[in-house]
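If you're matching them up, the sequences are chains U and Z in order.
Heads up: the first sequence runs through residues 1 to 330, numbered per the working numbering.
Heads up: the second sequence runs through residues 1 to 214, numbered per the working numbering.
Simulated from the structure, these hints should not be mistaken for lab results.
Please read these numbers as outputs of a predicted model, since none were measured by experiment.
Do not take every clue at face value.
Said to hold, decoys possible - What follows is a set of in silico ranges between Cβ atoms, one per label pair, in the way DEER data are often shown:
no.: 1; chain 1: U; residue 1: E11; chain 2: Z; residue 2: R22; range: 22 to 32 Å
no.: 2; chain 1: U; residue 1: P207; chain 2: Z; residue 2: Q130; range: 41 to 51 Å
no.: 3; chain 1: Z; residue 1: A55; chain 2: U; residue 2: V14; range: 26 to 36 Å
no.: 4; chain 1: Z; residue 1: R163; chain 2: U; residue 2: A233; range: 50 to 60 Å
Here a beta-carbon is modelled for each residue, glycine too, at the ideal position from N, C-alpha and C.
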Amino acid sequence: MHIADGFLSPEVCVATGVVAAGALAYSLRQLEQTVSSRTIPLTGMLAALIFAGQMVKFPLPFVPAYGHLLGGVLAAIVAGPWAGCVAISLVLLLQMALFADGGWLSYGANVLNMGVVGSIGGYAVFAAVRRLVPGHRGIVFGSVVAAWVSVVAASALFCIEFALSHPGGGFSLPTVVALMTSFHSLIGVGEALITGGIISYVVAQRPDLIDAAARPAGAVAGVGRLVGIGSVAALLIAAFVAPFATEGADGLEAVAKQAAFDSLEHPPRVLVLDDYSVPLPGVGLSHQFWQRLSVSVAGVFGTGCILGMTWMFGRLVKRTLPATEGGHGG
Amino acid sequence: MAVDFLDRYSRGSTWCHRWPARLKIVLTLAVIVAVVLLPISLWPIHGCLACLIFAAHAVADIPLSYLLRRVALLLPVVLLMALCVPLSRGFSGGWELASALVARALLTFLAALWLVNTTPFDRLLAAFRQLGMPRSFVVLLAFTYRYLFVVFDELARMRTAQRARTFGRRSPWAVWNSTVQLVAMLLIRSLNRSERVHQAMLSRGWQGEFRTID
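The task is simple: from the sequences and hints, build the whole structure.
Written out as structure tokens, the structure is:
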């Protein structure tokens with residue numbers, strides 16, 4: 001998930017770095033100004049937990065591969081959006097400085113995609129859903145929706161950063177967006193499953209932890225929530241609408257079409273269908289195919305999965321386990 | 001748990017390890033910026049930089065097997081992302097950009113890996129502070145680094161306990177479910193611990209602001 005160096009141009013790295021630094025500084029100030037001094041040790045501990053939690057492998061059903069938690073939404077729900085954003089930034093910096101995971105130049109872009117959009121934007125979505133659905137079920141429902149949305153929104157944001165880094169660089173942006181969001185809508189389902197599972201377990205065992213953390217932070221959000229929902233919505237719209245905006249955006253294709261119009265008597269529709277087909281026998285992956293893939297996989301499949309998960313977790317929460325002692329160990 | 005499982009080779013004692021951390025950060029960033037900024041048509045320069053990076057790794061006594069293992073973890077992700085470029089044109093172009101992306105990602109990754117494996121984390125922290133990172137963020141980083149080991153120990157204990165209680169073949173759903181419970185329980189325990197840590201900090205005069213010796 002982390003952006004390695006070399007994918008983004010230094011200009012984009014600087015720009016995203018400035019935005020991320022601003023958001024991070026604001027989050028840090030919010031953290032230092034909160035009434036309870038408890039948030040400081042909580043944030044550090046939460047970052048350590050997310051770091052360790054990302055290393056726990058979740059076996060995927062049907063495929064011999066592993067998935068893992070990303071944790072942006074989880075951190076935001078447990079400790080509030082500002083502490084969540086700081087915690088994710090801490091995790092990213094530790095991974096960069098201990099493992100060289102994620103580039104040093106693209107640290108700002110990583111913080112923007114996963115900390116700011118992932119935690120603050122994810123929390124905004126969570127808070128909006130929670131307002132609609134009351135009670136513990138709303139917490140779980142909100143966490144599932146927010147986890148999926150944050151992953152897809154982050155991938156859309158990466159595509160925009162990538163396109164800005166390589167102006168006129170030999171690829172078709174709408175198709176890249178379609179590929180990335182389709183792929184990440186699958187990853188998002190995994191993240192939503194893990195986050196929803198963890199939150200529903202914690203809600204069943206220690207509802208006070210989530211309730212206490214989510215309330216006061218929700219009151220703080222206010223304008224931030226509006227901005228968060230707005231930016232996430234814009235990114236999602238970009239992700240799902242961009243694949244359709246092919247005609248104007250794709251310069252090379254337009255040129256090719258023009259040439260075909262002038263010299264040959266090709267009907268343009270045939271050309272559009274043909275020029276993106278893969279040179280494999282019997283497999284014609286046209287541009288339209290990718291458009292359909294983007295919308296059908298990312299939209300319909302994701303939404304269906306989320307509805308299914310919500311129903312499932314809703315049932316899990318209903319038969320709440322008898323409260324046992326949370327943590328006598330350690 | 002071994003204390004050095006995170007950055008294994010950073011506590012060596014070679015010539016490279018003794019350089020000041022700030023110098024190493026600036027040098028590494030300079031190499032990374034050069035790799036990213038130079039057009040890939042000037043590939044001989046990239047080749048020279050690659051030789052430089054490998055020489056630096058050799059001087060720092062970082063074994064080749066470790067580098068290969070790390071690259072093998074990174075490469076699939078980078079290849080997949082780079083492959084999106086030619087795929088978006090139906091494999092009829094874009095290979096140049098894709099290969100440039102892979103080459104740059106590998107070179108910058110190796111450069112960063114050298115920095116990380118020649119500089120212990122506490123030195124990096126001090127250098128971050130000297131380079132102007134806000135004090136509260138540096139203190140939070142130190143706090144997190146300290147508690148990483150505690151949380152990892154807790155996780156290892158819980159896994160041992162889990163393995164001791166569950167054996168035999170289990171359905172994928174059961175494995176998934178118990179993994180979710182493992183992380184959720186770790187979350188609850190960590191939150192409880194942060195509560196205790198907060199109490200201990202209060203009893204030692206914590207008033208919500210950071211004080212450091214330097």
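Going through the hints against the structure:
1. For the pair U:E11 and Z:R22, the beta carbons lie near 25 Å from each other, so the given range of 22 to 32 Å is met.
2. In this structure, U:P207 and Z:Q130 meet the distance hint of 41 to 51 Å, their C-beta atoms being roughly 45 Å apart.
3. At about 30 Å, the beta-carbon gap between Z:A55 and U:V14 stays in the expected band of 26 to 36 Å.
4. Separated by about 45 Å at the C-beta atoms, Z:R163 and U:A233 break the suggested range of 50 to 60 Å.
In this structure, only the earlier hint numbered 4 is contradicted, and the remaining ones agree with it.
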